[in-house]
Amino acid sequence: MLVEIQNLRIQFRTATGVSEAVRNVSLTLGQEKLGIVGESGSGKSLTARSILRLLPSNAISTADSLTFDGIDVLRADERTLRRIRGKRAGLILQDPKFSLNPVMTAGAQIAEAWHVHRGGSRKAAEQAAIELLAQVQIRDPQRVARAYPHELSGGMGQRVMIAMMLAPDPELLIADEPTSALDATVQAEILRLIEDLVSRRGMGLILISHDLPLVSHFCDRVMVMYAGRVVEELAAAALTRARHPYTRGLLECLPALSHRQTRLPVMQRDPSWLEV
Amino acid sequence: MNARLQMLAGSFASIPLTLFGLILVTFLIGRVMPIDPVIAIAGDHAPPDVIAAIRTQLGLDRPLLVQFWIYLVNLVHGDLGRSVMTSHPVTEDVARYFPATLELATTAIIIAILIGVPLGVFAAARQGSRFDHVVRVVSLAGQSIPIFVLGLLCLLIFYVKLGIAPGTGQLDVAYEGMVPRVTGMLVIDSVIVGDWDSFWDALAHLAQPALVLAYFSMAYITRMTRAFMIESLSGEYIITARAKGLSAARILWRHAFGNIAVRLVTVLALAYAGLLEGAVITETVFSWPGLGLYLTVSLLNADMNAVLGATLVVGLVYLVLNLLSDVLYRLLDPRVA
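Protein chains in written order, with my numbering: chain A, 96 to 371; chain B, 116 to 452.
Hints in this document: simulated from the structure, not taken from any laboratory.
All C-beta atoms in this analysis are idealised placements derived from N, C-alpha and C, irrespective of residue type, glycine included.
Possibly wrong hints are sitting among the right ones.
Claimed, not checked - If we take Cβ atoms under 10 Å as the criterion, some of the chain A residues that face chain B in the derived model are:
no. : residue
1   : R178
2   : G185
3   : M362
Put together the whole structure using the sequences plus the hints.
Listed below in structure tokens is the structure:
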């Protein structure tokens, strides 16, 4: 197994007491595509980022076990972590406008990711960056490599981000709402690109989103999170057979193009969901 | 690149207007000040006809606009008038005193940058740690302790009590006049002629005022660097950099610091300008023969030409450094232009 998490808990100590963001989450992942769905604050991002131990500095995480390819992430030192981060597992963030370094060219940022894990000359890294840009289907990679992030569109920026994270040839890709900041037409392109690259390279994928149908379309398996817990986990194809009222509620809230609906149902939240 | 050149041209185009404003304001301040330059020259008990004659000679009986025109014309010819106190042309005086200020301020800003920037960066990297608290207290103290208190304390402790530092002035009397004047900065001049005794003495005299000024400036630079870095370190691109598996040092310097470098240039340039113009108090405390001391003494003697001239030079320095930081900003930040 690539990733194994047993009873992960993430807490934040605040002035008013301890707030629990993730409660007893367990998951396993092989070379497959897992979707994690949930609303803002449900703990989906924290769960995924804890695999790379990239949590905010005030977060306290504990788990019975949290391993990446057998390496104990919670107890690993910085050196060990750096051999996982980027090299074996990449992370794609939501908005390239903020997640790319504004004062470095796209090419330099990709070359840096290549160079730090693969070594070699600067020239080779620059060349590799251009090839990677071509792989994420950018038509004019030479020009884009020289461009600064603010000169790129959102979709283009996200392609640069993907190229950067794929540079060291990782085994796992974590995509944290990779298309939420993009236009609807670009969203599909980027997701197809991610799916294509992941399938071709035989990588594992964790796709985080709040868009349930979208995730089920691109993933093998879907995990639904609510208030820091996993409320339901099911094969993407079996989405219609979801049993948990929260998942059902999410599905019912979708407007359909095929038939008229006067009013979308409003989800009635049950306090008992918090005590699974 | 063309757009960039155009923006630079825009920066330069604003100079004449600012410069004119500066000249106008200094001129008006000189004229509205409740000091009669005529009495300063002729003395309190001069007969009325002498006072009237001097007034006419100085052109003070003419309309203000005409006076300003004459002032401008003289200025264009590089004539700032003659100082009553030194009886030299003001331009000569400024050229004589400014190098000492330049020497002091430059030494101070170099020390302040070399210590202040790393201190701010590391304090931000370890925000909330004991190191951070110490840095914050030290820099807060540097900004709150009046510089004359610090200067006098230094003199009292290191010169009077401990006797390990030389006293005031730029050079010991024994070395006075030994080094021929080249740049006017004694530390450099003594190196040029290879007079090492003078060099060490000049350096020892420079140390105290420079360190006092540097502390004041460092406090400001540290605080700004720390604030910029904390903001930069919370950016999403830092998470990206960490997710790439980069080393902590590379994340800190290449990614976090790389993003504040441009803004920091502006802060440093203004801090330097502040030192060049604001060394007045330090120069007075340490009897440093710089522009600040010249300005203070001239003001106390109602030597209006000297005051106006020195003020104009100080303003000009500020203008040039401001312009320089503006140009650097436009050249260094890819997001501009």
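Status of the hints after comparison with the structure:
no.: 1; hint: R178; verdict: holds, 7 Å
no.: 2; hint: G185; verdict: holds, 7 Å
no.: 3; hint: M362; verdict: violated, 30 Å
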